[in-house]
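Modelling step: build the complete structure from the supplied sequences, incorporating the hints.
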Amino acid sequence: MSQLVDLYTTENMHKILSKWYGQAAKQWNISEDLVLLVYQMVADSKSCTTTFNYVPRPSGPIGTARSLTSVAISEIKSVIKNLADDEHAIACLKTIAWKKRSQVTMARDGI
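Our numbering applies: residue 1 is where the sequence shown begins, and numbers increase by one.
Since the hints were derived computationally from the structure, they do not count as laboratory data. Because the structure is a prediction, the values reported are computed rather than measured. Hints are not guaranteed to be accurate.
Said to hold, decoys possible - List time: in silico BS3-like cross-link candidates among lysine-lysine, alpha-carbon distance up to 30 Å: (1) K26 - K77; (2) K26 - K94; (3) K26 - K46; (4) K19 - K100; (5) K77 - K100; (6) K94 - K15; (7) K81 - K99; (8) K46 - K77; (9) K77 - K15; (10) K15 - K81; (11) K19 - K46; (12) K94 - K46; (13) K99 - K46; (14) K77 - K19; (15) K26 - K100; (16) K94 - K19; (17) K15 - K26; (18) K26 - K81; (19) K19 - K81; (20) K81 - K46; (21) K15 - K100; (22) K46 - K15; (23) K94 - K77; (24) K46 - K100; (25) K81 - K100; (26) K15 - K99; (27) K99 - K77; (28) K19 - K99; (29) K94 - K81; (30) K26 - K99.
This is the structure we're talking about:
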């Protein structure tokens, strides 16, 4: 496991992804790229995530997990945790998640 993908983040990601893509997503391998992609979906969808407007976000573009500071990693993990607990945001983001399904599949498979 990495700093970004720990047990709690993996559990939260499985919860989110299974709501978007079905129960099979609970078996998916959670990679750093997949966490960053879901985070980017949240960051890009201001209308779905009004509760996250109060959560500080890393400034600048999100590249690879290796280039992130410990503060940025902590903030990304916090956003993922908050999303996992927000049924409204998960439902709202489902359309975006379906549009990005091919990107999610590639991130999941490490492509």
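Hints, verified against the model:
{"no.": "1", "hint": "K26 - K77", "result": "holds, 18 Å"}
{"no.": "2", "hint": "K26 - K94", "result": "holds, 16 Å"}
{"no.": "3", "hint": "K26 - K46", "result": "holds, 26 Å"}
{"no.": "4", "hint": "K19 - K100", "result": "holds, 15 Å"}
{"no.": "5", "hint": "K77 - K100", "result": "holds, 20 Å"}
{"no.": "6", "hint": "K94 - K15", "result": "holds, 13 Å"}
{"no.": "7", "hint": "K81 - K99", "result": "holds, 22 Å"}
{"no.": "8", "hint": "K46 - K77", "result": "holds, 18 Å"}
{"no.": "9", "hint": "K77 - K15", "result": "holds, 14 Å"}
{"no.": "10", "hint": "K15 - K81", "result": "holds, 10 Å"}
{"no.": "11", "hint": "K19 - K46", "result": "holds, 20 Å"}
{"no.": "12", "hint": "K94 - K46", "result": "holds, 14 Å"}
{"no.": "13", "hint": "K99 - K46", "result": "holds, 16 Å"}
{"no.": "14", "hint": "K77 - K19", "result": "holds, 18 Å"}
{"no.": "15", "hint": "K26 - K100", "result": "holds, 18 Å"}
{"no.": "16", "hint": "K94 - K19", "result": "holds, 8 Å"}
{"no.": "17", "hint": "K15 - K26", "result": "holds, 7 Å"}
{"no.": "18", "hint": "K26 - K81", "result": "holds, 16 Å"}
{"no.": "19", "hint": "K19 - K81", "result": "holds, 14 Å"}
{"no.": "20", "hint": "K81 - K46", "result": "holds, 17 Å"}
{"no.": "21", "hint": "K15 - K100", "result": "holds, 17 Å"}
{"no.": "22", "hint": "K46 - K15", "result": "holds, 21 Å"}
{"no.": "23", "hint": "K94 - K77", "result": "holds, 20 Å"}
{"no.": "24", "hint": "K46 - K100", "result": "holds, 16 Å"}
{"no.": "25", "hint": "K81 - K100", "result": "holds, 20 Å"}
{"no.": "26", "hint": "K15 - K99", "result": "holds, 19 Å"}
{"no.": "27", "hint": "K99 - K77", "result": "holds, 23 Å"}
{"no.": "28", "hint": "K19 - K99", "result": "holds, 15 Å"}
{"no.": "29", "hint": "K94 - K81", "result": "holds, 17 Å"}
{"no.": "30", "hint": "K26 - K99", "result": "holds, 20 Å"}
Checked against the numbered hints above, the structure violates none of them.
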